[in-house]
Every structure is written in C-alpha cells, then in structure tokens.
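S.K.: Each chain, written out:
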Amino acid sequence: MSDVLIASRAPGADLSVPGASGARQFWRRLRAQRAALVAAGAVAALVLVALAAPLLTAVEGQDPTTYHPDLVDSARGGVPVGPFGGAGGEHWLGVEPQTGRDLFARLVYGARVSLGVALAATVVQIVIGVAVGVAAALGTHWADQLLSRFTDVIVAMPLMIMSLALLAIVPSSFPRPVLVALVIGLIAWGNIAKIVRAQTLTLKGLDHVAAARLSGWGGWRIARRELLPGLAAPVITYAAILVPQNITVEAALSFLGVGVKPPTPSWGQMLTAADVWYQAAPQYLLLPAGALFVTVLALTVLGDGVRTALDPRAASRLRVGTGRRREAASEGSGGTDPEGPGGAEPEGPGGAERPGGAERGGAV
Amino acid sequence: MRRSSVTARRLAAVSVSLAVAAGAVACGPEDNDARTASGGASAKPAKGGTLTVLNSDPQQDFDPARLYTSGGGNVPSLVFRTLTTRNREDGAKGAEVVPDLATDTGRPSENATVWTYTLKEGLKYEDGSAITSADIKYGIERSFAAELSGGAPYLRDWLIGGADYQGPYKDEKGLDSIGTPDERTIVFRLNKPEGEFPYLATQTQFAPVPKAKDTGTKYEEHPVSSGPYKVVSNENDGERLVLARNTHWSASTDAERKAYPDRIDVRSGLDSSVINQRLSSSQGADAAAVTTDTNLGPAELAKVSGDEELAARVGTGHFGYTNYIAFNPKVKPFDDPKVRQAISYAVDRSSVVNAAGGSSLAEAATTYLPNQKSFGHTPYDHFPAGRSGNPAKAGELLKEAGHANGLTVTLTHSNAKDFETSPEIATAIQDALKKAGITVKLQGLEDNDYKDRIHDAKTEPGFFLAHWGADWPSGGPFLAPIFDGRQIVEDGANFNTGFLDDKSVNAEIDAINKLTDLDEAATRWGALDKKIGERALTVPLFHPVYKRLYGKDVKNIVISDWTGVLDISQVAVK
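So the protein sequences, as listed, match chains L and H.
Numbering-wise (the numbering used here), the first sequence opens with residue 1 and increments by one.
Numbering-wise (the numbering used here), the second sequence opens with residue 1 and increments by one.
Bear in mind the hints are in silico, worked out from the structure with no lab data behind them.
Cβ atoms here follow ideal geometry from the backbone N, Cα and C, with glycine treated the same way.
It cannot be assumed that every hint is accurate.
[Said to hold, decoys possible] Chain H regions said to be covered by chain L (calculated; three or more residues, Cβ under 8 Å): (1) 228-234; (2) 300-308; (3) 356-366; (4) 422-428; (5) 438-448.
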C-alpha cells in the first residue's frame, strides 16, 4: 500500500520511478476495467478500419466518390433503390441518396478524417498546453501572470465561433483537414495549460524536485527529468478526454460547411447532407451518427479508464463497468468518505483509500 | 445621373433572386396529373373562409414602389392591380400577358417607343374613390425616389428622362415622358423601342397610388388597395400580413382574380421544413394553408411520393429558370473553345439532375433559354453529351487543344444549401469530368462572396456554377443582360459573364426589341439562343421544377408557367 500512498501525495509519481513497476501497475489497473477494455478494443478497431480504408473498400469493390445514378430513384427525389437504402453484396451499407455513392466507403474514409483531425488537433493542444503551463509555473511572477491571463482569454473564447471565423478567412487552397486540426488545436488548449500549470506548481514543492534544485540543476533539466514524468498522468488523462471532444468539434464544423470540403467524406459532412433524409432514408443519417456515437463513447470510456489507472484517487464519474459501483456502495455504507465518491481532488484522506478499492473491485 | 447603370444592374441582380421568390409567390403548377383532380381540389370552389399562407420570407417593404416582382407577385397582386397582369391559367397559357386596369395590353406607336393605355371604367380604391391615370403616373414616379428603391431597373433605363429623375418628393413636376391627357388615358414615351413593354406593365410599380394618401416610407404599412383585398394589419415589416376583402373591388372589372376566401393570413419567418411538415399534417387552420415560397426538397419529395394522400396534394410548376456552368473566356484555359466544348461533352446531366433533387425537381437542359413556349424555346444540343456524358469525345477535343495529358481546373461554386449552385452540383460535375481526364478542384465560397465575385469583371472566376431567371417569361430579360455586349460593366455588377460582344448578336437583340408581336419575338429569341449556344460560353445543366404541398381543404389550384407556383388569387378554401 505504500506506493499507493506515495502516489496520493504526488500524483503520477509512481510513473517517475524508473523501472517497469509503474507501467505494470498501470496495465494491471486498466485491465481490471472491463468497460475500458471493450472501449480500447473498439478504438483499436476504428483506427484499424480508418488505416485500412483503401483495403476495405477494395475488398468491397467500391470507392467513396464514384456516382451511381442508376441506384437511386430519380423521380422520387433520388432515394436509394431497394430496401435498407440499397444495401447488399455490392454495397454493404447501401448508397447515398441522390448520388448513389457507396455509403460503406464514405463511412470508412470518413473515419480517417474524423480520427485523424481529432488526433492531430489533440497533439497540437497538448504541445501548446504543456509548454505554456510549464513555462507559467516555472517562470517569473510576471511571466506567470502574462501566460496565465493569456490562457484565461483563450479559455474564454467560444470555440465554435472562433473556428468558424478562422476557417472562413483562410483561402480554400490550404489543405482543409490540416487547417481544421490546426484551428481546433490553436484555440482549445487553455484548459490543459491550466491543469499543467497547477500540477507543475504542486510538483515544484516536492522534496525530489527541491533536492534536484539544490544540487544545482538548471530549470530545463528539472523540467525534463523531474517534472515531465510527473505530468504524464494528468496530460494523458486529459488527452483521452480531448480526443472525443475534438471529434465532435470537427463533425460540427463539417456539419456547418466550414470543415473538410467535398468530395472528401467526413462524418460531420455526411450528417449535414443526411439531416433532411431522416424519414425517407433513415440509414443515411443513422450510419454516420452511429459511427460518431460509438467512437466518442469508446474514447470517453477508454479515457476514463486510463485516468482511473493512472491516477486512481480521482474517482470516475462514469460508473460503467469500472467495478466501482460496489466500491462506492461499500464506502457509502461505511460512511468513511467525507468527500463522496465523486470527489476529484487529489488531496484528502478519503482519496488515499480509494485506489485500493478500485483495484479490489476491478479484480473481482 | 447619381444612380448610374451600375446601381441599376445591382438591382437587377437582386431582382433575379427576388423574382424567384416572387415566382414562388405566384406558384401555380400546371395540374400535371389526374391525382390532383381526384382529390379535394376538384370540388367546386365557393366564397368564404380564411386562407393561411405559410412562408419563410416575410412580405418586406409592402409598397408597390419597392416590390421587385415577376408579373406583380403573388400576395402583392391581391392588393395591387396593375395596367396589365399575367393570365391566371395553368401552364403555357398562364405565361401570357393580359389587361388588368387597362382595357388592353397597350397600343404601341412610333416604332414601339410610345405606349398608350386606357383605364377601364368604374375602377375604385378601397375607400370608394375613383382610380385615375394620374394615380398610375404618380405611383411610377414614386418608385424613382431613393427612399423607395427596390424595384426593377427597367423604368429608369427605358423612360425618357428616367435616368436623371429623383422622384416626386424632390421633383414635383414629375416625369414628362408619362402623359395623362385625360383621367382614363396614360401614355409612356421610351428612349428606345421596347416591344415587351406590356410585360413590364405587370410589375407593382404600375399600380395606382393616390397622391393625397401617400405617406412616403410609411405607405408600406397601409398601402391603398386597388385589388380584391386590403391590408388589415402588417406586423414586423411583413412577417404577419392579414388581408380582408376590399368591398369596393368589383369582379366585373377584374377578369383575373377570383378572390374566394374572405381573409388571407400570411405568416412568415418559418423554417422550410416546418412549412412542409405543417402542410403535410394539414391540421386545423393549416388545412386551408398554402405556401408561396417553399418548395419540397428531395428528401421531402421522397417521403411525400410514397404517400398517396400527400402526393395528391402536391402542385407542380415550371418557372422560367436555368442552372448552368459559366465560363470566363478571359481566364485560361477557357479562352480555348475546344476546352469549353470538351467540358460540355463531358458533363453527366443525369447525375447533375439527381444532385438537384432528381427528375421530379429538375429537367436536364441543353438550351440556355428555359424549355417554355413563351421564351421561344428552340431545342438544340450542340455538344451532345447524352444522358450521362461523352467522355471519349471530350478527351478527343482536349487532345486537339493540346491537353493530351489531362487538365486541372478549378470550379467555383456557392456553399448555399440551394441545390442550384451548391456543393452537391459541383461534386457531380467533378465526378463526370474525371472520366474525361479533367481534374476538377472545387472552390466553395460563402454565398454573398460568391455572388459578388461572379458579378465583378475583375474577380470573375474562369469556371463556375450560375443560374438565371427572367423578370417576365420572354427571351428578352433572359438573353440581353447575359449576352448583350453593350451591357458589359467593367466596374460594377456585370452579368455578361462570358464577355460576349458580338455585333450581329447586339443587332439582333435591338431588332427583336422593336417587335410588338410577342409570338414572333419569342421565335427570334429562340433562334438567337441557338446561335449563341454554338460558342459554348455556358453549359446548360437543368431547369428546376417546383413541387409544393397545399392543405387538404385547398381547391382550385392554378399554376402558370409564368410563376411556376400556385396562384393564391385563384385558391378557394370552401
């Protein structure tokens, strides 16, 4: 229980300990959560599908842009011919109304855009957020004030409106998916910077950092060797939350017509085109909506699992299959936790108890 | 000359889109199938009841000087009678111009530069006072006032002294080119022959306005009615407009308007899907409802066509309108006719029609002029692409033009969700041209930006989607603004996007404008269109078809080719 106690004082400190024990512990905790495992499987499958999009469509014998005017009923507004939107051996998930383009091909190619843009945007957000957060925490008072206020301004900016404005003014010759990723990344890094700054300030006061400073290490070396490993847990956790958020933002931007441009398929764009078809060709709307739903849910559950595994004291608000229900029930009956099971603050005596409970519950 | 031709043409540009909206107002699908006749629509119409109009766009600036209409509009035509009006009949007959306040459609003299009208006897306003020719002159003069702008540019362009006239508030003397020798006679003197003047006289600027009742910019709140209905209330600049019977209107002087309902309740600001949903459920007051501006979209049509009861309540109409690809021959490689022809051959009209909503909402076009008799439609297909394109022929032409290894071009379009110049159409063209070895990059612009760019000679793209609708159903307002070389505007709104300035074309336009026999003029416009088509400055894509739902208690559906939409002056709800 001692390593857990250390972890409670210095979140993520278990990872800073060289050797395999931290990583092993992480995997053990992650494995213990069935929902997270299922979600990880789903995410892996989605990534595979996105990567193998050309292969999958080649197996199907279709591509995402070819028109099939003969597969839609022109006199009836272009509704697909046949039941279930024309689904069958030729077109696995049917065809798009009006154009007759293959829906399976558009869906799997759309996954590339949705996942690719979201991941790239997350990387941009983390790089900026960590750089600004660490610089603010380690810098002088004035640098901290300046960077923190700037971060406040960024956080206060409405993401959708800013993105709409930025995407509208950039010339259309700029590669669109890259642009969308950049715009999301450049606008929505404020929260991660705030978290990193707070975490760095906490770490700065710890004995091993103080010891490093007393040994005469420079700021850069301290940041790299002593602080960054301690930041890994909150950053990875937050990244896991950001990815699904970014997917929905990309979908929303494409839905509004400023995201990726046709004929490049994206889920958001498919939703825009499909919203009027919900009665006449429901599968056209349900496919991208379902894909988006499954992806965001899987990433969110996985992100929550990662967070629990890295920093078990921060109890999950999601109680899906994390085995925490039992734990919460037992805690509730014991009445030993003044904060309640949902308390996300790392401090407090209740926090130290919880990880053990999570492990116990999950291992059953 | 403050208001230059540039201003006028800007108005013309606005007019095109408004004309479409107005066309919607005047909706009147030709009763295309027996289903309509078998429904409630066939029952004998009777007077009474309230007709509800569910619209997306409000009846803004409800002042006859400010309205930009095709044929006097749909709702406006219930309140404002004009010298002439459109024939309220189904189909092609409805594209004819007929007398309204006047006894005939106008008597031309002096080579069609002078037009004389005589008013019918016994014409009255809503207050019972008599309508005189001086009131019509005053109504037209008001439309020249800067504060009452909005109407079509023709009066300013055609009337002698029109270009400099500032309106009656600044210049009380009035326009000398409009004479009123007596109370029932009015004479127009034009600066050039205009055989189509009777069509212009259908616009609301030709409605009488009593000078004593003119309240300037406030007149739109309660314009004095000369038609079967008067304004009871007008909320939020035409968002809700309630009309009631004008008891001084007499059917004996008006052969066109039937005026069955006692009240008309126009409710605007509704979302198009809400309008169609309310019309399809047709409950309560919506059973006696129509729309004058909202079509069925492709998805809605797919749903409606699967339901017999709903399908019987769809009116189908044709408005003179063409969607096409436009080229700017000043931009390479579109300076080469072979490239333009290759694209003409490569276009797949069946996928374009599908993108526009399918064969029920669009008809493939190979002519620039709409496929209607009144336009003088003369069939031609100079670069036959068949139903789905001829990429082989296109490839040959490209090779001859020196693009044997393919060609990469940029197609500019709007991002409006209108199924006309929208991304769906652009991607359909992109896919078709790929088969001919032409790589198309898409440049989608915000709708206002797109309109500004394509109508500015300096920023006009080389290859873009465009559309054009006429102010009245004739070849004149369709061909002249686009192909008359003297209408090229170097700085300002330019509609001659192909920069065609051909002496023989210009001369033929002048010659046709002199004709007062509109049938003969139509034939000549058709022939001119065929001749211009050889230059491949445009690739006609499709003519839209309007499908509109109406409530289950609505009877007497009349849809003319002039407007393509149900005519509410004919509708009965009892």
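S.K.: Would you mind marking each hint as holding or not holding in the structure?
M.R.: Hint-by-hint comparison with the structure:
no., hint, result
1, 228-234, "violated (count 0)"
2, 300-308, "holds (count 6)"
3, 356-366, "holds (count 5)"
4, 422-428, "holds (count 5)"
5, 438-448, "holds (count 5)"
Checked against the numbered hints above, the structure breaks only hint 1 and satisfies the rest.
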